[in-house]
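So the sequence lines, in the order shown, correspond to chains A and B. Per numbering that gives the first Met the number 0, the very first residue in the first sequence carries number 0; after that it's consecutive. Per numbering that gives the first Met the number 0, the very first residue in the second sequence carries number 0; after that it's consecutive.
Incorrect hints may have been included.
Unchecked claim - In silico EDC-like links for lysine to aspartate or glutamate, alpha-carbon gap of 20 Å or less:
| id | chain 1 | residue 1 | chain 2 | residue 2 |
| --- | --- | --- | --- | --- |
| 1 | B | 52 | B | 41 |
| 2 | B | 52 | A | 96 |
| 3 | B | 36 | A | 63 |
| 4 | A | 8 | A | 96 |
| 5 | A | 71 | B | 69 |
| 6 | A | 61 | B | 69 |
| 7 | A | 61 | B | 33 |
Stated by the list, open to error - According to the in silico footprint, chain A covers these stretches of chain B (three or more CB under 8 Å from chain A):
| id | stretch |
| --- | --- |
| 8 | 35 to 44 |
| 9 | 86 to 96 |
| 10 | 101 to 112 |
Hints are computed from structural coordinates only; laboratory data are not their basis. Just so it is clear, CB atoms sit at the ideal spot from N, CA and C, and this is done for glycine as well.
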Amino acid sequence: MELLWILVKILIVFGVVMLHVAYATYFERKVIGHMQVRMGPMRVGPHGLLQPIADGIKLFFKEDVIPTPADKQVFYAAPLICLISAVSSLAVIPFFEGFAIANINIGLLYIFALSSLASYGVVLSGWSSNSKYAFLGGLRSSAQVISYEIAMGLSLVGVMMMAGSLNLTDIVHAQMSSSFKIYLIPQFLGFFVFVVAMLAETNRTPFDLPEAETELVAGYFTEYSGMRFALFFLAEYIGMIIMSCIGVICFLGGWSGPFHVPGLPFFWFVIKVYLFIFFYYWVRATLPRYRYDQLMALGWKVLIPLALFNIVLTGTIKSISG
Amino acid sequence: MNGFETIFLYVGMSFLAISAMLIISALLGPLRPEPKKLETYECGVPLLDPAHKRFSLRYYVVAVLFLIFDIETILLYPVAIRYQVFARQGWAIFFEVFIFVAILLVGLFYAIIKRGIERE
């Protein structure tokens with residue numbers, strides 16, 4: 000019985016997230032379209048609402064081209080590593096009170112571990128494609144992700160000091176009982192570092208150098224086509240959703256909201272996640288791409304010292320208030 | 000079932016689902032290989048040389064720095080979680096964290112001054 004409930008939960012989470020990923024692409028095209036005074040997709044269904052489904056079906060009918068010089072086994076495995084490590088992070092996210100597939104006590108650490116694992120998929124795909132664009136994209140991506148991984152890890156130490164736990168459900172409960180209700184106000188420095196590192200971790204604009212289309216074609220997935228390309232695409236969007244979820248849980252109070260919506264316990268969580276996702280698209284439509292050395296300098300010279308300062312600041316406040 | 004067993008189950012199921020997606024696509028999609036189609040892409044010009052050759056990995060130092068700083072981040076986590084408990088017993092924990100962070104900062108500044116993170 001317990002096993003059945005767990006299976007049902009797994010199916011719900013997997014299905015709902017896949018659906019949200021499909022519509023996140025639609026949302027992105029609409030938002031960016033309207034920001035550039037265009038309409039975005041309009042043809043398939045009313046206001047283009049069936050566009051993501053049409054795109055998905057199209058990808059199933061595409062040829063899977065594998066270049067002759069590629070290292071076959073690694074080439075096959077790389078997108079799987081990327082997507083499975085992204086999908087697995089969803090297992091610990093509490094979408095509302097008491098609803099997480101696995102409520103483990105090291106939730107945040109688990110998510111960090113898996114987000115590091117995803118960079119293996121990127122590096123291996125870059126190497127195994129045996130193409131110069133893919134190779135450079137993979138190299139750049141690995142250097143970028145490991146630089147911002149530290150900033151992200153340190154930015155959440157302040158949250159851990161305030162909540163006293165790595166369990167994501169406990170972090171939300173600690174926030175509900177804190178004086179500001181959300182950690183955004185006492186942890187604004189940590190939040191700032193987190194948001195910048197979040198953009199860089201998911202390789203989004205203005206930090207999308209690994210797939211800078213004007214110089215590296217498509218970066219590490221230049222040689223991929225058909226369904227394998229779609230796996231990388233899914234991994235990127237699921238990564239965005241996970242980063243938004245961590246942001247919501249650690250800084251914006253998780254599923255808690257100003258008033259209770261009857262029958263929809265996940266209402267506030269979804270609204271806040273979409274706020275983050277809208278922010279991703281807004282930044283993409285607004286900011287130009289960073290230069291590579293500026294990107295590394297921002298990570299090491301600004302974000303890491305700021306995050307360390309935030310730890311000391313939080314420690315001081317906690318020690319004074321006892 | 001404890002949390003980690005559930006996670007293994009979840010990872011296994013998602014692996015199956017993703018494999019199913021790949022298999023369905025392989026069954027539905029065409030497969031018409033051609034020598035020209037299977038070449039490595041290099042903006043349309045004939046391939047000069049393979050990409051698997053020696054390269055200067057300028058970010059080797061960055062990778063080493065990452066290892067050091069990531070381990071130090073992990074060392075900060077247990078302290079951060081128990082911080083409130085220790086903070087009630089006085090300021091000793093604050094100074095310990097302060098000294099730890101200060102050592103981290105000194106190391107970071109040394110790396111920056113020595114141009115460890117620049118591509119030169």
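Review point. Which numbered hints does this structure break?
Key: 2, 5 and 6
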